[in-house]
Each structure stands twice: as structure tokens, then as C-alpha cells.
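Peer 1: Place chains B and C on chain A using the hints.
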Amino acid sequence: MTSQTQEHAPATPAAHRAVLRVDGLSVEYAGEVRACVDVSFTLRRGEILGVAGESGSGKSTLITALTRLQRPPAVTTAGRILYHGRDGGPPVDLVTLDDKALRDLRWTSLSIVLQSAMDALNPVLRLGAQFADALRAHDRRMSKKEAWQRAAELLAMVGISADRVRGYPHQLSGGMRQRAAIALALACRPDLVVMDEPTTAVDVVMQRQILSQVLRLRDELGFAVVFVTHDLSLLLEVADRIAIMYAGRIVEIGTARALYTGPKHPYTQGLRDSFPPLHAPLRPLSGIPGSPPDLRRPPPGCAFHPRCPERFDGCDRILPELVPAAGHEVACLLYPAGGDR
Amino acid sequence: MTGRRFLARRLGFYAAAVWSAVTLNFLIPRLMPGDPSLAIIEELERVSGQSLPPRTLESIQRLFGDPSANLGAQYLDYLGQLARLDLGVSIRNFPTPVSDLVWQGLPWTLLLVGSTTVVAFLVGTGLGVIAGWRAGGRFDSIVSPLTTFVSSVPYFWVALLALWAFGFLLGWFPLAGGYDPDLPVGLNAPFVLSVLHYGALPAATIVFSAFGGWLLGMRNMTVTTVREDYVLLALAKGLSPRRVMLRYAARNAMLPNFTGFALALGGVVGGALLTEIVFSYPGIGYLLFISLQQRDYPVMQGVFFLLTLTVLLANLAADSVYALLDPRIRERA
Amino acid sequence: MKVRAGSAIIAFFALVAIFGGWFSETVLGLDPRANDIQAIAQPPSGEHLLGTTQFGQDVLAQVIAGASGSMFVGFLAAAIGTALAVLVGVTAGYFGGGVDGVLNFLTNLFLVMPVLPLIFVVAGYLQGTGLWTIALIIGLFGWAGGARTLRAQAMSVAGRDFVRAMRLLGESNRRLVFFEVLPHLTGLIASMFLHALIGAVLAEAGLAFLGISDSAAISWGTMIQAAQQQSAVLRGLWWWFVPPGLCIALIGTAAALVNFGVDEVANPKLRVVRTRRRRIARSEAA
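Chains as they are written, first to last, in the numbering used here: chain A, 1 to 341; chain B, 1 to 333; chain C, 1 to 286.
A portion of the hints provided could be inaccurate.
[To be verified] Mimicking SDA-like on lysine to any residue, the simulated pairs with C-alpha atoms at most 20 Å apart in a straight line are: (1) A/Lys100 x B/Arg242; (2) A/Lys144 x B/Arg243; (3) A/Lys100 x B/Arg243; (4) C/Lys2 x B/Phe149; (5) A/Lys144 x B/Arg247; (6) A/Lys100 x A/Gln70; (7) A/Lys144 x B/Ser240; (8) C/Lys2 x C/Phe193; (9) A/Lys100 x B/Arg134; (10) A/Lys100 x B/Leu246; (11) C/Lys2 x B/Gly136; (12) A/Lys144 x A/Gly167; (13) C/Lys2 x B/Val143.
Because the hints were derived from the structure by calculation, they are not lab data.
Same shape as in the complex, but just chain A (with noise of 0.2 Å):
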């Protein structure tokens, strides 16, 4: 419904091309709890988007959602995923893609980091066998031989030196390990790399390391992110644009700019309260009061109203939607649709 309106940009230029149109996705388990509700967002090549929200969100969801990675109990009960290829053609719906073509397009289109690489990798294979078996499975020409040299290649594009190709996952120190990961997700050239808090195993340093390593590559080869995080100073760093989470929906989405120098929502705006800033002067902390709500039984209204400090009449009776407010969106009855505050 809200999305439809910013859906018709076809005659822009490569760069400003999307990569994935998410709509209206919502995402269940065993059809009691609701992780994902109607979340729609559009990704343009090369563009990082961030994804932040407490634990519980339906951040996780999202991502496992995004990728088709989801297992039984959780189902996609609605909304389309619509991924558009480099050859221009006519987009094609992951949620509903068949096995065979959704095989195909994983690696050399779509790719995942995991949080933590340690339990990613496979601790009995060598590091060059994982490249290798991702890349001759969608390069059936492809030699043993060149597949392990192209291995080497990749991890020392990540500053690992080549020799590690013949070596096991547990002989990496653990920010090396998050660095072959992230070589290994871009293996196959794909446009669109989901990051799953890919820096939350490694301290400050290594996590400073990777990001720009992130930034640099992308640059490079062009190539999407959503990454998600709980942290969102983090994401003022490297994201584009950043989309928050509450309770399942998406709450606010806006530059990264933007968000962190205007922040809309009351829940946007204690998160960026409760984390200190990388680069800016500090300023004084304070945290959110209360928890997460109970995904079984959601608040009804606003989500957020039984925590929210500028909660009034109707929250806990009206659900806003998602509206545009001073160049982003909002999702919060403070900023009513069409009223442009």
C-alpha cells in the first residue's frame, strides 16, 4: 500500500538501479507469532543498508526471510521479494522461486555473512575447499586447481596471505576468520551480500578493520549490502540508509544522516541515545526504559506506546503506518499521513 507510491523510477541510471524490492513481507512462527509484519523497503545496487533493532525485533527473521534460509516453523505468510538481475530482465520473486532457480542464483547473486564465522565455516574442511565447492557449483568449468587459486586470490583481497588457502578454520585467529567469511560470501561476484552482525565476534579494532574493508570493497565491485546490526552507531558509519525495527515492523527509514541528526521516532531516537558515537563528542547516555514486547501477544495500537515517552491518546488503539516525514519515513501518530511536519 504505502510502498507502491516510490515504484516507478525505471529510466534512472545503472547506479540508481534496484537490487531488491521488498513488499509487504511478513514472516510467521508456526502461525502464532508474527516476527516480520509488512515490511517493505527498495535496495539500490551498490547502496548499504542497514538494518538495527533490539533482540526480538524480527531482525533475524528478516534476514533468513531475505535469503530463503528460514526453517520450519517460520513461513512467509505474505509480501513479495523481488530481485532484479544485472541483465535488466524482469525481476523474480525469491519468496516463491522453485528450488532449482533459487540454487542458481545464491552465491552469484545473493550471498550471506554470518555473525559469527567460527561456527560458519566447516570446522573439517580446509578453507580452499569451502571457495572451491561454492565456486564450481556455479562454474561447472571451472578446475580444482583454479578454483583453489582463485581462493588464494580472494583472501588476499582480504589481507589474509595466500598460503591460508590450505589451512582449517580454527588455525585463523578470529578476526581472520571474519574476513575469510566475508571473501567467501563475495566468491561468486553477487550483487547483493546479506550481512548478519558481522562484527559482533571480533573487538573494536578488527571491527573498525573490516568495516572500511567492507566500504572498500564494495567500492569496488559494486556489489549491495543489507547489514544488520543491533548497534546502531555502527551503521551511522557505513550504511547508506538505515531502516529500524520495532516489534516486527519497520519503524523508521530514512539516510544515515538524517536519522542521526533528526531522528523521527521516539524509539529511533532512544536508540541513538543509548549508544555512543564513534567519531562525535560524547554525549550524555540514557537507555530506553522497559523491554521488547512479547511477540505472542503484541501491544495492540503502536507496538512501542506501553514504553514510549511521548505516547498520548490512540496509540494504543491506532497503528500508524508507514509515512514520509522530512525526506524519510515514519511509522509513528505524532507525524499524521499527509501532514508533512
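Peer 2: Just chains B and C now, kept in the frame of chain A:
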């Protein structure tokens, strides 16, 4: 490489285990009520109708205890005798040495138990992966409960049923023995074929009774492994489900099954020995049965001793494979 | 569900073991040892529900009497084995150090030894002894698997902060073991007991099958052995050896069911989600 260190440690453990087995063998007859030595000597003299030559007497006392000598001296004598591979003489087949009898039976048992253990392990592990990969699916919900039942059935009872159904009622297989007694023993086609024909039913019953344990173990490990992130990532890479199942899920789920090998092997060997009895198969299980019935203590101990050595060797082999399969063993050891 | 079905089967056999003798004598009017010369090796009929043996004994009465023999050995051996497993495993895991070194070696030793043949040999020396001795031997050699698991668990409980803190405060080890460590392990010990129970029933049957048992006692193992001795297979007397084996298999399955259930409670990863992946219809999404 530290992988060698792991194996060296295991080797040390097995050396200690062999020593313990030897010591156990030494202690068992000496701790039993009565005087097994005296009983054996009296029995031998009764059977053979003559008094025993002093060498035989001495050998028996070394193996089964000499109340007049102290335990330390006895132990040294015992070790000396074992070093010469002298396991005493059989009472019932006097004066055949025990080692002759055991060496005759051991190849049959190794053939039967060795091949069936490998087959049962492969079949059970393979089916376990399939059941665990789609846990709760149709294959899993039929096969897993059925296997639970099958693996709690005594080996020898399965053997009896099989013998009754396929040997007695249908007449497809011979009822007893390990080969056709009318054929000349040797490496010729008719004899080898008869060995296969006679061995097929015992082997099938052992595989049938033994594979369930591996299946259930592997199923549970696979169910746990399938939820690991590296399996998820392998799917995300767009690998074929078959490849993900074998190279990512099964490969990792199999490792604990190898450490469980030791635990299960003792039970399999025990069960297989009983199966031999049902089929009157000429292995050491049948030999053990005969010796128990006839109270032929020297043969009994000899069988147990060699059986223990063989099982320890098999465990060492399983450990070596494990070390090859898991690169992390180097750090953990 | 699994736990309930398994417990029901075990409880049923326990009841048969305890009251079965009285039941078959007074209600069915059967004596497991009586020889009915009129009915030698008869197939199941109205008079003998499960048929008769080569000796004219009623198979049903024997199966009922066998339940008490087998269950007696099973329970006694499992009690001994579990007690030893707790003693060795918890001591090793809780105290660690040199004590652990020795006990752990002993445990591993019994793990790699072919225990069943060992039991056969030891029992071979003591032929003709009663079910008590047999249960004792089985229990004495069958504790290693349980001890290994308990050692690991006791180690993790002993390493928890509150136990460590209490140790530093000078709380006595005996108190800590009995009031802090053991209560954490009760579920595990119960499941271990069931494992040991079925192991012992199987071992007793194996021993009896080898001819090592009390010649006066009746157990499922001695029944199968008698059938084998009298070449029941070659005479086609299937009703003689099928029922006792089936009973053993039922008990084994019941124990496995209970343990499955316990495992699933203890290890949530094993719980299987039953809902099939729903392929969402286009109409539903549009």
C-alpha cells in the same frame, strides 16, 4: 604434527590396556573359589587315563595358579609363558594346545564379525544421516522407531528366527556350519562359494541386529549438526542438498560416532559370538561355547585373551581413522 | 508421550514379575514346571494359549515365571552397576586430579574391553550358581559407560561458581556431593538405570543361552536356551522361542523410548518440529 601426539597417547593407553587384560587373565582363575589348577589337572588325568608329564603340569600351574608359590613369582612365570604364546592345552582335546584351537577359529570369527561390523557401521551411519537430515519426515518416523525395537532384540534370538524361517521353513540356507564339509578345504571356487553360502545368514543376522545402534546414534548427531551455521551457509552457497548433507552435515556428525565405536564394539562382538553358537559356526564364539559347556578352562581363557587383543586393535584402528577425519584433534589432544 | 508409553510397558513387566507367579497359579491354574505328558510340543491352543514345550510345559506359564527371573537379574544388576557408575563417575568428576586420573583410566579400560565375553568367562568359572551371583557379575562389569557420562556431568557441576564458592567457604565435600552435585544428576542417573536394566536382561539371556545359569531357575534366557538345546528350530516349535525373545525386545524398546524422551527434554536440539514447510500459495500472498 600434533596429530601424531594424539595417536602416541592413544597407543600408550592401549599398551596399558593390553597389560591390564593380561593381568586380568592372570588374576581371574586365581581369584575364583577352589583351585582351578588342581581341578584341571585331575580332570586331565581322568580323561587321558595317565599321569601328566611334568612339563604339562608346570604349564598348567603357571596359567591357572600354584597355591604353593607367591603371587609375584607366579606373575613373572605367567608373563614368560605368554611371551612364548603358550596358552596351555585343551582338556577335552588333550593334548591339543589351546593356541592351535584358537588360531583355527579366529580367522572365521574375524571374517564374520569384521565384515559384518564394517557393513553394519556403514549401513547404520548412512541411513542415520538420511533419517536425521529430514528428522520428523516420513523415512525418519517409520525407520527410527522400528530400529529402536530391532536394536533391543537379542542377537541370538534374531539368529534363531532367521534360522527357523530361512533355513528350516524355506530351506534357502544350510542349518549349521561354516562351509560344506564334503568339499576340500582351500582357495578353490566351490569351497569359497560354500563359505559365502554358509556365512550369508549368520552375517545377515548380525548386520540386522547391529546396524540399529549406529543408525540411532548417527540420526541424533545429524539432527544436532543440521542446525549448525556451517550447514546453513553451505545451503546459502547454493550447493546441491546431497553435497550439503554428505560433505557438511554427515562429515561432522560422524566424528562422535567414531568415538562411540569402542563402546559399541564390545557389545557387537559379544552378540556375534552368540550368533556363531546358533549357527554352529566354526569361529571362536562356538569354541567358547563348547569350552564353557565342557568346563575347558584353558580354552575359555585363551579365547578371551585373544578376543581382547583383537578388540583393542580394532579400537586403535577406529581412533586412527578419527584422527585422520578431524583436523581439530591436534589441538584438543 | 514416549516416556509414558515406555514407562507403562516397564511397569507392566514389573507387575508380571512380582504378581505373575501368583496369577498364573491361582487364576490360570498353571504351573511352569509341571509336565503335561498329554501335550508334548503342542502348538498354541485353547488349553495352552502359547503351546507347550518339548517337555510338555506350558509356554505361557514359563514366560510369566521367566519375567520374574529376568526382571530380578535386570533390576539387581542395574542397581549394582548404576551405584558403581555413580561412585566412580561422580568421584572422578568432582575431585579431579590424581583420583580422576586413576578412575578415568579404569573407566576407559572397561570401555574398550569386550565386557560381555569377560562376563561369560568369569561366570564360566562359577557355573551352576544362582541368579544372585549372575546379577552381581553383570553389575560388577557393566558400569563403565555410565561412569563416563556421569564424570563429565559431575565435572561441569563441580566447576560451577556456586559449588566452587561453597568449597572455598569450607563446606564439606560430602555435603556438597550429596546436596549439590547428585541432585543435578538424578535425571541422568535414572536414564542410566534403564540402560543398565535392558543391558542386564540381555546379558542374562546371553549367559543362559551359553548354559550358564541356575538350572532350577526360569528366565527368558533359559527358555530360549532350552529351546535351542532341544533343537526347537529344527522341529519348527517356534512358539517356544518366539515369546521370550519378544518380551526381551519389548522391554528393550520401552527403555529406549523412555531414554529418547528424556534425551529430548535434556537436549532441546533433538526436538523435531513437526510442522511441514508450508508452500505459500500465490493467492494467499497476493
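Peer 1: So, for every hint listed, does it hold in this structure?
Peer 2: So, going through the hints one by one against the coordinates:
1. For the hint linking A/Lys100 to B/Arg242, the alpha-carbon distance of about 13 Å falls within 20 Å, and the restraint holds.
2. Between the alpha carbons of A/Lys144 and B/Arg243 the distance comes to roughly 16 Å, so the proposed pair stays at or under 20 Å and holds.
3. In summary, the hint linking A/Lys100 to B/Arg243 is supported, as the alpha carbons are separated by about 14 Å, within the 20 Å threshold.
4. Distance hint between C/Lys2 and B/Phe149 is fulfilled; the C-alpha atoms sit about 13 Å from each other, no more than 20 Å.
5. Only pairs whose Cα atoms come within 20 Å are accepted, and A/Lys144 paired with B/Arg247 is accepted, the gap being roughly 16 Å.
6. Proposed proximity of A/Lys100 and A/Gln70 is supported: the alpha carbons are some 17 Å apart, at most 20 Å.
7. Under the criterion of a C-alpha separation no larger than 20 Å, the hint pairing A/Lys144 with B/Ser240 is consistent with the structure, at around 17 Å.
8. For the hint pairing C/Lys2 with C/Phe193, the CA-to-CA distance comes to about 17 Å; that is within 20 Å, so the pair holds.
9. Distance restraint check for A/Lys100 and B/Arg134: the Cα-Cα separation of roughly 19 Å lies within the 20 Å cut-off, and the hinted pair is therefore satisfied.
10. Taken as a hint, the A/Lys100 and B/Leu246 pair is honoured in the structure, with Cα atoms around 19 Å apart against an allowance of 20 Å.
11. Distance hint between C/Lys2 and B/Gly136 is fulfilled; the C-alpha atoms sit about 15 Å from each other, no more than 20 Å.
12. Distance check on the hinted pair: A/Lys144 and A/Gly167 sit about 17 Å apart at the alpha-carbon level, within 20 Å; holds.
13. In summary, the hint linking C/Lys2 to B/Val143 is supported, as the alpha carbons are separated by about 16 Å, within the 20 Å threshold.
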